[in-house]
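Protein chains in written order, with numbering that gives the first Met the number 0: chain A, 0 to 445; chain B, 0 to 304.
Read the hints as simulated data drawn from the structure, not as lab findings. Computed from a predicted structure; not experimentally measured. Ideal Cβ placement from N, Cα and C applies to all residues, glycine included. Incorrect hints may have been included.
[What the hints assert, rightly or not] Listed next, the in silico DSBU-like pairs over lysine-lysine satisfying Cα-Cα at most 30 Å (straight line):
{"#": "1", "chain 1": "A", "residue 1": "Lys60", "chain 2": "A", "residue 2": "Lys436"}
{"#": "2", "chain 1": "A", "residue 1": "Lys290", "chain 2": "A", "residue 2": "Lys56"}
{"#": "3", "chain 1": "A", "residue 1": "Lys60", "chain 2": "B", "residue 2": "Lys247"}
{"#": "4", "chain 1": "A", "residue 1": "Lys68", "chain 2": "B", "residue 2": "Lys128"}
{"#": "5", "chain 1": "A", "residue 1": "Lys56", "chain 2": "B", "residue 2": "Lys247"}
[As the list claims (entries may be wrong)] Counterexamples of contact, computed for chain A against chain B with all Cβ distances above 10 Å:
{"#": "6", "residue": "Gly214"}
{"#": "7", "residue": "Asn267"}
{"#": "8", "residue": "Glu284"}
{"#": "9", "residue": "Ser287"}
{"#": "10", "residue": "Pro369"}
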Amino acid sequence: MTPLTRRQLLKFGLGAAGAAALAGCGTPGLTSVNAAATIPPASPSSPVTLTYWAWLKDLQKVADIWNAKNPHIQVRTVWIPAGAQGGYPKMYSALAAGGGPDLAQIELRTIPEFLLVNGLVDLSRYGAAEHAATFDPTLWKQVSFTGGVYGIPQDSGPMATFYQTEIFERVGASPPTTWSAWAEVAAELRKQKIYIDVFPFSDASVFTAYATQAGATWLTPTEDGWVINMRDDATMSTARFFDAALDKDLVSTAFEAYSPAWFAAAGNGTIASLTDASWADALIEGISGGKGKWRVAPMPRWEHGGFGSSVRGGSTTAVLANCRHPKEALEFAAWLNGSQEGINGLIEHCGIGWSANPKFIGTSRMEPSPFFSGQNYNQEVFVPASTEQNPDWSWWPVTQQSLNILADQFRRKPGGQSLVDGVVKAEEQIMSVFQNKGLSIRKEEA
Amino acid sequence: MTSTSVTNSEAKADTQTASAPAKRAKGSGASSKIIVTAILVVVALYFLVPVYWVVVASTKTTADLFSTNGFWFAPTFALWDNISAVLTYDGGIYIRWFLNSILYAVVGSALATYLAAAGGYALAKYRFKGNNTVFGIVLGGVLVPGTATALPLFLLFSQLGLANTYWSVLIPSLVSPFGLFLCRIYADATVPDALMEAARLDGAGEIRIFHQVGLRILTPALVTVFLFQLVGIWNNYFLPLVMLSDAKLYPITLGLNNWLSQVNRLPEFYQLTTGGVLLSVIPLAIAMIVLQRFWRGGLTEGSVK
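Chain A with its partners taken away, still in its complex shape (with noise of 0.2 Å):
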């Protein structure tokens, strides 16, 4: 794979227009050091010691494996708060700075804000695509951008339905495989004064990941910048959907998901299910006297297409620019991520979500579980929706913006708003963030 020039970045909208205003105070240069010459591996005579900046709790633990069988190359980690809540301005500063960790965990939707301040060492140069072949392809999709590859997938958080079976019981439904027979299923529900589940009108990630799973694709990266179609068939008929099920009132709008509020109602049985990732199972733990109430199914399907599943979550490892030895950087992201030592032990010590090896789920994980009624719900139900995802899902550079402004659209439903309006007024305020920056975007044509 050929480098990207700085012509290409241009192109691709990567440029350095938006570099300052996204790190808010001078960027490391604006060359990216993807266009200077690759760094030699260190000679095996000489150790190297990498730090990584991630998040995950007692991380360590899990390089050490790695420091044992490694002596020259030493992984020490710094556990630092997560993403939004301060891990990002602190590693946009240290590279504005010059510095910064070798390795930082980096959601999968927050790599292309990243390239945008040519952050991140592309991987492919060093020989990524040899690990290719380990990882969910859906995920290495995610990485990837215009022929580079900017991190190793770290988890993922294939979504299913989490429900309670004797409230099921109550109105004599099974678990429900469509979308249409969810929203029977939620109606007959609400005679007992039960919601089937909850709509978050704050955060517009469970919206997108339900268009997703439609097969919505709304912005894609192209030579000649990006294109975005919000309003395509998949976007339009879930909005629909959820405008009917609002309207109806088959779904609580009154808290959210994990809110105290939340518990006490999945608690008490005024909430009967909830359609989430698979690293919810933790927090469906946390529901007292839930053990034995609680299993797993896949989650409903969209009549007209789409997928089995969606996803929503997942990180990175990623290689941050001024990494001195990117080669042994992406040796141990590789066996972190992949190997099944590497994922035991982020299971065991981290609590990752989903494990971004297809092959591997995790050696705790292909046990049946007391707490949801002694199912083997990771096999059953994850396994099979970790691959029935939307291939063609990328992120881009102002995601967490763009959620925020579908958020603030869908805040206007209760006074009248419909969510389709939202979706493309939503798509509006988009596209004029992205101009703002000066990165060149347009609407895909029909």
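Given chain A's structure and the hints, the job is docking chain B onto it.
Frame of chain A, contents of chain B only:
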């Protein structure tokens, strides 16, 4: 959460100072007194309720935290378990953070107070060229929020090789433009020129006059400056966030936020965070209770003159 306890005692102080004139204006009737008291009660509740919530929440298990009433105790009392979990997690890292916070806050605010006193005293008591210009520039510094200077400071400190050390948080905490401003006003009003003249006649040097006469008269203002700076450093988040990348150097604010980052995957961190917050409130509460007498004096004393 820590800021709540601060403003809380502030509100208490307000209650007492505000009720005094209300008593004096007897003619204006009971209605205004009731309104003022009602407003103050609402304000006090606003600041007290979150503290109360933290106290209650820190006695609960993670499961009870969400399934029982947030404002009353759960049947199982887990306060001691929670606190021991906070203190032992990750080899007692919380204690380390706690000591770091005390170091940053106490050393930082003590030195900052001394520097502010010296600067304010000099600007108030000595006439020299550019006196007002210097004061104007310092006053401008009051308007620049600390967060805005964190990034430039980080770039500077990384070039000096001081980023990620105790110094990188301590040194920027040593300056307090507001403290200098307060000390100048206060010294202007309270340190009599005649007294300084008398000391000079007795043969005392200027440094000695400042330490033995100036500082004593300035004490109420110094306590105010010290408390403001203490609270400011204790609650500072962005500067240590940017500067420090070694968890052993973190202050409590940063450490607690690391814990809070875990809750969306690992709910047991709710209890660690709540317990940690409760413990982190204690030193500030003590500082307020011990020093609030002086603080009130400091804020109002100048107004009588």
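Against the structure, the hints:
The straight-line distance between the Cα atoms of Lys60 (chain A) and Lys436 (chain A) is roughly 41 Å, outside the 30 Å bound, and the hint therefore fails. For a cut-off of 30 Å, the pair hint linking Lys290 (chain A) to Lys56 (chain A) stands: about 26 Å separates their Cα positions. A C-alpha spacing of about 16 Å is found between Lys60 (chain A) and Lys247 (chain B), which places the hinted pair at or below 30 Å, so the restraint holds. For the proposed pair Lys68 (chain A) and Lys128 (chain B), the alpha carbon gap of about 68 Å is over 30 Å, so the pair is violated.
Distance restraint check for Lys56 (chain A) and Lys247 (chain B): the Cα-Cα separation of roughly 14 Å lies within the 30 Å cut-off, and the hinted pair is therefore satisfied. Separation of Gly214 (chain A) from chain B is adequate, the least Cβ-Cβ distance of about 28 Å exceeding the 10 Å criterion. For Asn267 (chain A), the condition that its CB be more than 10 Å from all CB atoms of chain B is violated, with the nearest at approximately 8 Å. With a least beta-carbon separation of about 8 Å from chain B, Glu284 (chain A) fails to lie farther than 10 Å from that chain, contradicting its non-interface assignment.
Taking the minimum C-beta to C-beta distance to chain B, about 4 Å, the non-interface status of Ser287 (chain A) is violated against the 10 Å cut. Non-interface call for Pro369 (chain A) relative to chain B: holds, since the shortest CB-CB distance, roughly 16 Å, exceeds 10 Å.
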